[in-house]
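Undergrad: Below are the chains, spelled out letter by letter.
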Amino acid sequence: MSLALSTQIINLLAAILLLIAFAMISQRRILSLINLFALQGFILTMSTGVVAYSTAQHHLYYSAGLTLLLKVLVLPWLLHRLIRKLKIKWDVETLINIPTTMLAGIVLVIFSFDLAAPISQLSDSVTRGLIGIALASVLLSLLMMLTRRKAVSQVVGFLSLENGLFFAATSATHGMPLVVELGIALDVLVATFIFGIFFFQIRETFDSLDISHMETLKDD
Amino acid sequence: MDHINLALGIIFQLCQSLLVVALAPLLTGWVGQCRAWLQNRTGPGLLQPYRTLHKLFLKDALLADNASPLFRVTPYILFGCMWLAAAIIPIIAIDLPFSQAADVIALVGVFALARVFIALAAMDIGTSFGSMGARREMLVSFLAEPALLMVFFASSLISHSTQLPHIVETFSHHAFVLYPSLAFASIAFLMILLAENARIPVDNPSTHLELTMIHEAMILEYSARHLALVEWAVSLKLFAYISIGIALFFPYGIAEVGNWGALPLAIVALLLKLTAAGAGLAGLETILAKMRIFRVPEFLGTAFLLAVLGLLIHFLLGA
Amino acid sequence: MNEISVLPIDVAGGIILLWIALGLIGLALQRSPSMICRLVFPLGAALALLLAATGLWALAETPNIAVLPLGLPDLPLHLRLDPLSAFFLILLGGTAFGVSLYSAGYFKTMAGGMLGLLSLEYHLFLASMALVILADDAYMFMVAWESMALSSYFLVTTDHKIPDIRRAGFLYLLIAHVGAIAILLSFGVMQAGHGIAAYTFDAMRATPLSSFWSSVAFLLALFGFGAKAGVLPMHVWLPEAHPAAPSPVSALMSGVMLKTAIYGFLRVTFDLLDVHLWWWGVLVLALGLLTAVFGVIFAAVQGDMKRLLAYSSIENIGLLLVGIGLTIIFHVYGKNALAALSLTATLYHSLNHAFFKSLLFIGTGSILHATGERNMGRLGGLIRRMPWVAVTLLIGVLSIAGLPPFNGFISEWLLLQAFLLSPGLPNTHINMLIPVAAAVIALAAALAAYVMVKFYGIIFLGQFREPGLADAHDAGWWERLGLVWLASACIVLGLAPVYVVQKLDFVTKMLLGQGLGNSTSGWLFVAPVDIERASYSPVYFLLAVLGVMSVTAWVVHHYYHGRVSRVPAWDCGFPAQTARMQDTAEGFGQPIRRLFEPFFKIEREMPSPFDVHPRYHGQSDDKIWFFLYLPIKLMVQSLSSWTSLIQHGRIHVYLLYTFVTLIVLLAFV
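Residue numbers (our numbering), protein chains in the order written: chain L, 2 to 221; chain D, 492 to 810; chain P, 2 to 670.
I should point out that these hints are in silico values taken from the structure, not numbers from a laboratory. Just so you know, even glycine gets a beta-carbon here, dropped at the ideal spot from N, CA and C. Treat the hints with care, as some may be off.
[What the hints assert, rightly or not] Just the calculated beta-carbon pair ranges, DEER-fashion:
#1 D:L762 x L:L6: 55 to 63 Å
#2 L:R29 x P:V276: 36 to 44 Å
#3 L:L6 x P:L220: 50 to 58 Å
#4 D:T703 x L:R29: 43 to 51 Å
#5 D:L775 x P:Y617: 50 to 58 Å
#6 P:G574 x D:Y743: 46 to 54 Å
#7 P:P610 x L:R29: 56 to 64 Å
#8 D:L537 x P:G477: 55 to 63 Å
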């Protein structure tokens, strides 16, 4: 076989990332959503590790560790705590039904691969399609944010969007400088805190986390 | 030489068919036993399906007054189809002579044939539950069947063949390669397996609550030997599906025709894999909750789309 | 050997003439309807069989050409019998044989005058379809095409006293003519200003067109033939006209006439045009997918058995278009082996559909005669009263549902193989489209099984939904002959794919320059590309299932027993069971209606729980009718009312118009 084992593993992990993005779209329960997010972080850690090993770029080990710490442990823990405090268990309502969303997702995948095709040809460090997968998972996260009613699932969408970007960065360019990564990580952490505070405020104002209530703000 | 090969092939073929038919109720028994254990019950034991079959065969068949010949012949068709399916799938050995007669598309066709007949038989008596079961069964299948086909396509694109033996050979005997598209296909296949075998999130194999039944509603009017054949066919179907899963995703250790030395190893490997798969199935059924019937299309739609996505990924990643 | 050798085309021409003569004899025999049934229709059937045999003979021959001394001065009519025409003659003859035999019994009860006319129209219809297939110039083609449309219009409106049927007939005629205009324009484009002598197909073949004009001709042909075939969104006439026509006519229309449109499309695309562009294929493929899914979803919610079959015909036309689209794509990229595969699948499926759809339609005719009911919700349990119809239709249903080892499965198998072998096209967009298309095809095929279980289960199985059904009688002998012929054709086509594929090779070789062949020497295995890649043997398949069944039955009866006693149905112990507790046609289709709700325009009237006489009324309509056709209709109406402004009915005003026109023309010239 022509491809090296590490490339195959990265391909497989990329596919699993996409699979998780689709699982997130088709998931109704908020708890499972957070668990899926943690799993996504874990896959990301693994792929970063594999890239680090195969290209012998040691700073990537640090970013893998950072990912593990932040995205697999801290953020899910924070989110779990958040929903425990907010006493929400599930997110039953989606704006569009799930198969339709998934169909839109498939269209997005084709679109992003189409978009990524010229970029992938420029870069020789990756197998074709990794950028496409990264782009697709970014778009899918956006799609999830679009179709959900409850604010918490939108935050998860935002975070997984960042995961997609991170994957693009590691697999395509073998990672950003560590300083940038640290900065982004800090940003994400802070954003989560801010979102958390927002949630409490939203709930105090509307007695609900359903963002469709925010439409009433306009009339005031 | 050719004749010897053919004869060997036929012997292997017969061995496999008989073995599968004999073992299928055991697998069902094992899944039931595991479920019982997981639910803190003692369980009826591994051999319970055999005892049930024997008891049913002994009884006198009761037929509804207006049952047509179609109703009576369906259990035999069902059994024949499932046996045929078991003969196509490489379970203990690849390159069985019969597998050339039908590829994966025909395999999906065999399942469809059996399904259409059982649905028709369910409507034959004209009871309310019969037609309800038939309608639901067809609802489940119209999404599960193309999804299964797409899973097969994902693997045939890799192996450049729709013949199961060649697919298995590609996966088991060539250099180890990871296929991203199979990640999608395997998840989709698992969902299809649950749905097609009337397993828990879609249907409950042990339910007798009328309104939730799918498969059981269709076979309500069967009794005695007819019911026995239907039940046996259902076990065979579960066995066949699990074997397909093994063949597509964990084919390692399978023997080739004529290779007697590899045969014991192949059988041991098969038994281990089946044991694990049965236990896994029971575990899944224990942790999942049954869905409402109108959630089922969503579940299967997801499976179908995942399988399609697997195909797409194959094209996109070029792997 | 023989000096005066008879060519296949002479035989075919003779058959056409004899058919017309038979029709006239039928008209003359108005007084004795039983003679028409016993003589005219069986003779017509014999001619049909002869035509099929001629087609089989001509398949391997070089193309025969005949120039008729008829037609306009200096514009003789041309006929040509090449492998493509020969194949469609086989299709026509084989189907018409069964349908004509059946008609001999079916029209027995019809009044003499009407029957005479009907027999004339019927045989003219057959003759004009044969002429469409044989025509070798645009003029001949259009004449045959129009007489086909007209004769079938009169056949559809056989029961013209019913307003709905007149309406259906009018809609059919209208769309047929809009389509015919497009076809005529397409021929005009292909003639490309080479003068009137270029109206023969030979001249068109020789005329090189730029890709723009080729595309124009192609699109016009797609529209024109699509309107006849029932391609979305020109399908609206189909579910109206098919139920309106007498069943044998529906059988011929659905089984054969739709295929003449496919024939015309193949003829224009692969024979007359020599430039091919990839987006043609994509367009046809996409249209086909839409049509297939649309047709099958609508079939699933129908309550009228003939409408259900009509929608299922739309689905099958969709599948044929998918095959053609795929063929064009492969052909454009020079992958002729694959193009041959998908073309073979298309042709095979045309043949299959001709047989099983005619079978199902004439079966519904027998049911209609026996019960007087087209609504499936009032049928049920007929397997016990009409065993001949039930058994033959079971074969038809299993075939159309695409189940092995029957014929519908093989064409689907070939089509899916074509999809699976497609990777490696140089166009990445098409590469991505193809798995999605395969998935849609698989979905449509699975839904077809749903539809057919509904069709068969509701009509033939269960209890009688109406008390009168217990007196239903089985089909008569002539009808049985027709049913059995078509059903056995389904079985034979299912069991002998290698033979059929060999014969189809003549057609693919003619159109694409390459046949499919068979990589195995035996006749048991069909293996389109390579035995390692894919193979299928229906005979082994059938033998294995039957073998296992009989062994099982023997073992069970021998080692245990075969005792049976009859008891009332159990039904989970519910004491009161009435026939009304079974699913109706509407009930069986309900999950599909609910799942695909956006497709339908649904009108429902639900009874409240307290109604003493609860009534339920539900109707699922086609949105396309409301979004596309009604606005067009309104527009035409307003346009015509606008033009009526200048119509005063007074002769002076008209003279004034003429005068003004003359002055204006003179001023300009």
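Undergrad: Of the hints given before, which are not true for this structure?
TA: Of the numbered hints, 1, 2, 4, 5, 7 do not hold.
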